[in-house]
Structure formats: C-alpha cells, structure tokens
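Kindly produce the complete structure, drawing on both the sequences and the hints.
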Amino acid sequence: MASDTFLDIRNLKIGVTVREPGERPRDITIVHGVSTKLEEGKVLGLIGESGAGKSTIGLSSLGYGRGGVEITGGEVWVNGRDILDLNRAGLNSFRGKEVCYVSQSAAAGFNPAHKLIDQVIEASLEHGIMSKPEAMARARELFAALSLPDPDNIGDRYPHQVSGGQLQRVMTAMALCPKPDLIVFDEPTTALDVTTQIDVLAAIKNAIRVTGVAALYITHDLAVVAQVADEIMVLRNGETVEHGSTKQIIEDPQEEYTKALVSVRSITHEEKVPTDKPIIEMKNIVAGYGSGPKILDDVSVELHPGQTLAVVGESGSGKSTLARVLTGLLPPRSGEITFEDRTLTPDQKSRPREDLRRIQMIYQMADTAMNPRQSIGTIIGRPLEFYFGIKGRKRDEKVAELLDKIELPADIAGRYPAELSGGQKQRVCIARALAANPDVIICDEVTSALDPLVADGILKLLLDLQAREGVAYLFITHDLATVRAIADSIAVMYKGRLARYGTKTEVLTPPFDDYTDLLLSSVPEMELGWLEQVMAHRKMESAGN
Amino acid sequence: MDLKTIPISAWIGIISTTCFVLAAIFAPLIAPYGMAEVVGGVWEPMSATHWLGTDNLGRDLFSRMIYGAQTTLTIAALATLVSFTTGSLLGMTAAVVGGWTDQILSRFVDLLMSIPTLIFALVVLSVLPPGLLTLILVMGVLDATRVFRLSRAVAVDVNVMDFVEAAKLRGEGRWWIITREILPNALSTLVAELGLRFIFMVLFLSALSFLGLGIQPPQADWGGMVKENKDGIVFGIGAALIPAAAIALLAISVNLIADWILNRTTDLKGGRGGQ
Amino acid sequence: MNPALKLIAQRLALGALLLLAVSALIFAGTQILPGDVAQSILGQSATPESLANLREELGLNEPALTRYFDWLGGILVGDLGTALTSGADISEAVGKRLSATLFLASVAAVISIPLAILLGLVAVRYKDRWPDKLISASTLASISLPEFFIGYLLIVFFAVNLGWFPSLARINDGMSFFAKLEAVFLPALTLTLVVLAHMMRMTRAAILNVMQSAYIETAELKGLGSFKIIARHAFPNAIAPIINVVMLNMAYLVVGVVVVEVIFNYPGMGQYLVDHVSKRDVPVVQACGLIFAAIYIGLNLVADVVSILTNPRLRHPK
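Residue numbers (the UniProt record's numbering), protein chains in the order written: chain V, 1 to 545; chain A, 1 to 275; chain E, 1 to 318.
Derived from the structure by calculation, the hints contain no laboratory data.
Certain hints may be false.
Only pairs whose alpha carbons sit at most 25 Å apart, straight line, appear in this in silico SDA-like list of lysine to any residue [to be verified]:
(1) V:K42 x V:Q533
(2) V:K349 x V:F339
(3) E:K6 x A:L111
(4) V:K115 x E:P317
(5) E:K127 x E:E217
(6) V:K349 x A:A153
(7) V:K277 x V:R342
(8) E:K127 x A:I6
(9) E:K127 x V:I28
(10) V:K205 x V:T190
(11) E:K228 x V:R88
(12) V:K179 x E:A214
(13) V:K132 x E:E220
(14) V:K394 x V:R353
(15) V:K283 x V:R333
(16) V:K115 x E:G225
(17) V:K504 x V:T338
DEER-style ranges, computed between Cβ atoms [unchecked claim]:
(18) E:W130 x A:S47: 36 to 44 Å
(19) V:D411 x E:W130: 42 to 50 Å
(20) A:V42 x E:L118: 42 to 50 Å
(21) E:A13 x V:P25: 49 to 57 Å
(22) V:K294 x A:T5: 50 to 58 Å
(23) V:E401 x E:W130: 53 to 61 Å
(24) V:H537 x E:A9: 47 to 55 Å
(25) E:D132 x A:I25: 34 to 42 Å
(26) V:D513 x E:A13: 47 to 55 Å
(27) E:W130 x A:T5: 22 to 30 Å
(28) A:S47 x E:K133: 37 to 45 Å
(29) V:T5 x E:L309: 48 to 56 Å
(30) V:G33 x E:R125: 34 to 42 Å
(31) V:L125 x E:L102: 45 to 53 Å
Glycine included, each C-beta is placed from N, C-alpha and C at the ideal position.
Now the structure itself:
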C-alpha cells in the first residue's frame, strides 16, 4: 500500500438489526460493498440522500457503529492497519488521536456538565499528545482560526452559553486539537441557518487548509460539498453510484442519478403579474405569543389569486408565525386580514366553516401531519365528507380522482401513512388540502424535510396543480432556491419585520438591502470557488452570530 | 393479530388471569363449602376433604379463597372502572381544552397526589360510614389522579401533533378530535395502564383489608383472610400465606399482560425503522 | 440573583404553600364529609342529648373555618391536640413513635440505597444479558408482591424456621443500639425488598438515558476508556436523576412503613395511625396524616432542589 494513502476502505459491508415493537428482530444490509481511498491532506465528499449509508461509512473509519449497526464484511485500513481487527483498547488508541469526528448536532455532542475548553483538549491529554498548557494554547489558536469571537475566553463557557453556529465551530476545534490525520465531518452545517452555514463552512474549509488534515465530508447537499471537497463519491442505497474529482462530478457527471442531483433546483417558472385585487391582504400585522415579545412587527403582504407569495427568512424571522396568524391559530395583537373584500375573523375558532374550507394548510413534516391510525382513504376523504357531505362510494371515487391528481395509484387509499415513503406522504397531504377545493393553500416548509430529488418532484406537482386549479400559495420557506423556482412575489423577513417585499424580479434584482444580500449570497451554488467569491464580498455578519 | 407473536410470558399471564376470573365468576359453583360455613377444627392441615386446610375459625380455606377471589376481583374491578373513567375523561378534556380548565384540574390533582394515597385513604375512612360503596369510591377517586396524569400527558403529546392541528383547522369539533384523532393513538398506552391500575387496586384493597379498614368479616376477601390467619404464622401455620400468594400471583399475571401490551405499542410516528 | 437560587427559593415557598393546602385538604376530608365525629364516637344508639353535649365539648358547633385555624395555630406551636379516645396529648405520643418510624425507615434506606444503585449499575453494565434480565424479572415480581406477603415469608423463614430474628419487632428506650438494630432487622429487610427492585430499575433507566446521549458517543469517539466515560461524562449528568429516583423511593418507603409496622407489631407512627383510624379518633388521624404528608412532600422537595443544583444550565446562566 502506498504510504500516502491514509484511509483505505475495501469492499465494506454494513448491516443493522432492526427491532420493531411486536416483531422479531431482523437483519438488513445497509451498505453493500463500498470501496474508497483517501490520501493524506485530501478531502473526500460523501454525498447521498437519507438511507444512502454515508454516515455509516463515515463512522466505520473510526471502527464505530451507531445503534445496532455492525460492520459485516470488508476491510478498513487506517494508517496501514486494518482497524476491524482491533479490540476495544486498540480502537481507543487511535480514536481521537488519528481520526476525529464532528457530528451534525454539536449541541447534543457536547457534555452539558463541562466547560468547552476541557472537552476540546480532553483527547489531546488522554492520548498524551501534548501537555495541558500546550493543548490550551492550541485550542485558542484553533478558536481564532475558526473565527470564533473572543478566542481566549470562549473556552471557559459551557455548551449552552454559545450559539449553535459557534458550537459547531468549537466542535471542529475539538476534532482538530489532537492534530489528527483524518476528520470525519458528518453533516456539520445541516442543522444551521443558511447564513450561519456559510460562515461555518468557510471556517471549516480554512481550518482544513491551515492544518493540512484529511477529511471525509458527509452531506446531502452537493452544492455544499462542492465547496470543500477535492473528490466526491455519490452514494445511493448503500452503493457507490459515481466517484470522481469534484470538477468532474459537478461539470461532467456520468451517471443519470448524479446528473439529476447536479441539476436539482433548476425548476424555473414564469413570474405572473399581480392582479388588481388580491385574494388575501394582511395589513400591519403585529403578533406574539401570550404576553411575550412581538414576533411579527407591522407586517403587510398581499396574496393574489392563482399566484404564489413566498415568505422567506431564517429561523426566528417570524415566517411561520405569519402563517399561524393567517390560519387564525394565533390571532394578531393588531392589524387586519382581508379575504376577498371582507375582513377575516382573527380567531380560527369563530371562523365560518366556508372560510376554513377555502384556506388549507400543508405541513413540513408529513409524518406528523397525518394520523397514523387512519387510512389514506380516510385522511383524504374526511374533508370531502366534512365540507361537502360526500359519503360512501362517491367519496371513494373522489378520493381516487384526487390520488390521480397527485400522481399516486388509487389502491393506496387502503394503506396507512407508515407504509408510504416521505415523498408519497407529502403528496397525500397535498391531496387532503385539495379535497377541500380551497382558494389558498399555506405551504409551511413543505419540501425542507425531503431529499432534494423528491423535493423537486413535490415543487413540480405544486406548480402543475396551481396552473390547473388556480389555487394561490402562501409558501413559507428558508430555502431561496425553492423561492426562485416557484414564487411570483417574495417577502423577505428578518427579526419579525419585512426586510424586502415585492414581485420576484423586484426582490431579486440589485441593489439589495444588506440582509437580503446576505441571504441571497448564502445559498450555496453548484459552482467551484463560489464560497471564496462570496466570503470576499460580504457586507454583513450572519444573523446567527 | 398473529397468535405466534405473543410471547410465552404473556401467555402465562393470560391463562392464569383467566383462571382467576373464572373462579371469581363461578365461585358458588366451584366452592365445595359455603363461604362462612364452619366445617372443621381450627387450622387443620391440607387434606383430601379440605384441599388448603381450614382457617382460624375452622372454615374451608379453599372455598373461602374462591369466594375471596370474587370479592377482591369485583371490588378492584369496580374501583378501577371509577378511577379509569373519571381519570381518563378528565385528563383528555384538560389536555384538549387547556387554559383554566386544565390549570384548575391539574393543580387539584397535584394537591391530591402530594398526600400518599394510602394515608389519605386512611384519613377519609376514619370518618366515612363503612361499606363497599365507600370503599369503591375512595379507592377509585384517589387513584383517578394517576390515570388523570397519564392520560393528560399522552393526550398532550398527541394534541401537539400536526394532524390534530389540521383537524382543528378543518373545523372539527372537540368530540371528533378526542375520539377520532387522540384516543386511537393513546389507546394501547391506556389499555396497559388499565392493567396496572387493576393490580394497584387489588394491592390497595388487600392492604386496607389487612389493616382491618377494608372489607369487613365475615365476607371473604384475600387481604382480610391474611389478617384473620396471621396469628398462625408464629406457630408455623402458613394459612395466611395462601391468600397473600394468590394476590401476588394475580398481580404478576396481570403485569405480564400489561408488559406485553406496552412493548408492542408502536410509536406515534409509525416509522418503518431502518435508518 | 442566580437563577438556581431563585428557583430553589421558589420551590421552597411552593412546598410550604403545598403543605398548607394539604393541611386544609386533610382537615376538610375529616370534617365536611358526611360522617359525624360525635356520632362515630358514641355509636348509633347515642341519645340526641349526649350527642349535643359531646359536640359542644369538642367544639364542633364552631364554624369549620374557625376550627381549622385553631387546629393550624396549634400545630405551628407544636400542639397537635388531644386524642378523643384516651385524652392523651398527641404531640407526646407522636414524638416517640415518629422517632421509631424514622429509625426503621433509615435502616431500610441505609441497606436499600447503596444496594439499589450498585445493582442498577450492574444491570447497565450487563444490559440485555442475564444479570439485567434477572433484575428486570425481579422488579416485576416485587411490584406485584404485597408487603405482607414478603413480611410473613421472612417471618416464617428467619423467625419461625431458623429462629435468627424475633418475629415481633419490639423496641424500647432501654435497648442498646445493636439490640434495636436486631429487632428491626426483619421489618427493615421487608421494606428494602419492597423498594429495592423499583429503585434499581429506575436507576438503570436513568443511567441508560444518560449513556444514550450524543455526548457519550463523542467521548467514545475520542478514544476514552469505559471507566473514564462513566466517571467523567456519564456520572455528573446521572447524579440528579439518581437522587430523584432515591427520593421518590424513600417517599414510597415512608408509606410502606404503615403496613410493615402492623405486620411486625412495631410501635411506630403507622401502627398508631391505623389503630386510631379503627377507633375513629379524628384528631390523631389528622395529625398523623399531616406528618406523613409533610415527610412525603419534604422528600419530593429535596429531589427537586437537588436536580436544580446539578443542572449546569441553571448553575451557569447565559
């Protein structure tokens, strides 16, 4: 084996024992013979949708299987030895010394009972790599290299005392501290807001460059991994689809699946001109929970019939609260909602049934939006029965019709939500909303829990349905790429206020206000060198810091 | 449901509980002697005529055990019924209605639960007129606090799910939301709890009777029979241990069933497992 | 002020308030319910005159609220009133019996707490193997066994068959500490068996909950040995839940004392209470009920305070 090959995974097979309540445990293979090599100082991106086995493969380089996961075949060579042969003591001697790990949720990954600095230097001391003062000094250097504020003192804080974006960077420092040869980054920016993600991404990239460590970078977002990786391996259902240089994968993908991933989010749609009369007008809305602070402060937006208003912002911007105000679940403190030409009752409980019917809602998590004890037929059929009194055979026929509209087979009506895939579930939720024959559908982050390709399918379906049924969407999202794809007008929200509002062209054409600029520039693009360009031109600190 | 998936432990529980229930229902047909009939000497040993021997007054212990099963199981079942209907109905209502209704009910239950159940029962029994109805009501009402807490907690968990919000947005009434959206998702937890509450009632009733404050003689009930025969223990006469063992056996059997129901409860998300 | 201290102050105030509410509830429970104290003392055959006289004597003609505050005022200065049946001073009788009960409960606690935590750790260490399964099975058995079944089995075995310990736990002031210890051994063992399984199963759950946290995985991936992971990362986070478990079970133990004292004829609070419930001696029942409730609330309060003190989020505010 060449001396500069640090990690060599050969024909790796991984299985898991699934234990479901009331059933006998059964073994499933989740990785079917994957091989790859990583040279010193290189970054390999592992990309795939959920269930692709990417995290499992990443953890195997530490000889670790999470929750019932077991390596059933193949070899994992680290620094010239097969770590699958090692016993517990052998594993402990290289974990945290030669290979370190950065998890998706640093908030859960840090022990709440200890100061950050003690956790950051723990591995270095444990393996006798350096003395305590040396480790402390190195930690502070790393904090600075990762552009953490107050690098000399931030280590004295406890995990709950710093923000999520900062914690993710501290975890990177923790992985870098013992000077390992390889770091496994497991979706390190996925849980962060988009403007914070890019800061952390830039910090990680910089730290990798400065220290010369090799890395496995695991993510579901090809645009993100394209910014940091030298090579990319595309995985699907535990098998390698394609493996090549980042340039080749992005610019000249060979496999159909890779091509689809690269061209994801390329849906476009012609912007519609606003009509004279909006169907919904929210005027000077001020809202908050209980006697708490204002979550929405003087927000006014219009939604036109048959069109899409995208409300975009980061967590805490108030975008979901706006949807709750419109549904009547959270009556506003002041302000008014006009529906066609009359005032809509603020409280949902006293709205007439007809108003309830005409405004429907689709949720982010299709899993929790459907009663697991009801069949798909009941779920879609209930609005028909409730609003229109359609029962029995006629109801079943209508359900079949609706299922056809959302491109699912009619026999799915007899099944239960747990038997469907994520994309199918979201389609059923769309059908349930359509069953009420509404004028307005509120879509609350409906694609953000889905894999990119599945999300694309849902967006196409929504556009298609809008064209045919003339329904208007209030589309809540944090993802600007989605906004570009489907919006007619856009409201950018920042800390409870409208930062920018207008037609899609108006909002997306410069000159921008600082926040919109930050937001727009933070959306990773499928382009090499994008990260560097953006970081060079930023005007504003990310909202999460 | 596939019978093969029921584990052996649950089978043992089901069979033995069924035996107890059958004995209770058909007590007069099965028992060889009358409940209060004196048929022999005091504390006679086990024999062919008296399978379990005789008790402190010379009554047939086996017959009294069977009549005792009837009393103990009936009272415990009725008290469970009281505790369960009040507790779960109020608990779910508190969760769904929320606001002041929830606050007042929950704080009152907190207050009741800050006094140990047995102690509060003793306090109340010191003034209430003795009788079966008093006993059932006191046990049922005090225990309803636990059912209230559990069903409220389960209902609150379900109530925050998006599908309940979707039903509210659709304009569904409270009755639909409680019976169609929440109850089906809370059912298996509640059924398992029903078993546990029943066991608790059996133990509670037996403890009260053992302390002389539950069912009054000559009516046979297991806790009371332990009390009647306990003086024999120091002479090496194990008559008191027989009803005590019956209580333990019944409790274990029902526990085995409840355990099985709890274990096969699927989670709310209804996920397929895997990754 | 530090939020932890503020929270603790709040909890203590809440505990005091709860105790007040409990006293009202106990009082109400014995007064407003359809029973009549005078009637219960004199029985059904009492003449209306004698009933009226007794009511006058007991102050039952005063409004309930006045009587409640009289009672409460008395308790605050340590006067629990006099027993109806014997006319004896309740505070004096309770004092002796309370110390006897606390002695018994303490012995049981000293045996059961370390044993339960140790066995809980064993169950975690051998999770899903036979020691764990054995512990699970014994829990099932132990929550199903009535106290008197355990108690009489122990008597049959240790007192009647082997003759090692007395079957009746009699203690008096003149006895040496060790003689007392021998006397309460069987009742203490009964109590231990009653709470042990439950306590160890809850300890097991508390530790497992911590062991499944993501930060334990982080520690494992740093290459730390099992002992260091447990000592440095699991233990600090497991203290609060374990203390909680212990306190909950101690509260349970205090109630279990009632039945166990009757089994062993032990001269403690439990037997005192049960005797006077049968005699319908309301002042004694009220006093005992309040004391049991106070101990119960106090133990729960300790659990609360400990979990506040060990929560890093509260100790080190933002």
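**C-beta pair V:T5, E:L309: status relative to the range 48 to 56 Å that was hinted** = Holds, at about 52 Å.
**Message:** 34 to 42 Å was suggested as the range; check whether the CB atoms of E:D132 and A:I25 agree with it.
**Reply:** holds (39 Å)
**Asked** Is the straight-line distance between the alpha-carbon of V:K115 and that of E:P317 25 Å or less?
**Response** holds (13 Å)
**Request:** Would you mind confirming whether the straight-line C-alpha gap from V:K277 to V:R342 stays at or under 25 Å?
**Result:** Holds. V:K277 to V:R342 sits at ~12 Å (cutoff 25 Å).
**Asked** CA of E:K127 to CA of V:I28, is that 25 Å or under?
**Response** holds (23 Å)
**Request:** Sort out whether V:R353 lies within 25 Å of V:K394, counting only the CA atoms.
**Result:** holds (22 Å)
**25 Å limit on alpha-carbon distance, applied to hinted pair V:K205 and V:T190** = At roughly 15 Å apart (the allowed maximum being 25 Å), V:T190 and V:K205 satisfy the hint.
**Prompt:** Is the Cα-Cα distance between V:K132 and E:E220 25 Å or less?
**Reply:** holds (21 Å)
**Prompt:** Has the hinted range 34 to 42 Å been met by the Cβ atoms of V:G33 and E:R125?
**Reply:** holds (36 Å)
**Outcome of range test on Cβ distance (V:H537, E:A9; 47 to 55 Å)** = holds (53 Å)
**Message:** Against the range 22 to 30 Å, how does the distance between the Cβ atoms of E:W130 and A:T5 compare: consistent or not?
**Reply:** holds (24 Å)
**Message:** Would the hint linking V:K349 and A:A153 be met if the CA-CA limit is 25 Å?
**Reply:** holds (24 Å)
Going through the hint list in order, the structure satisfies each hint without exception.
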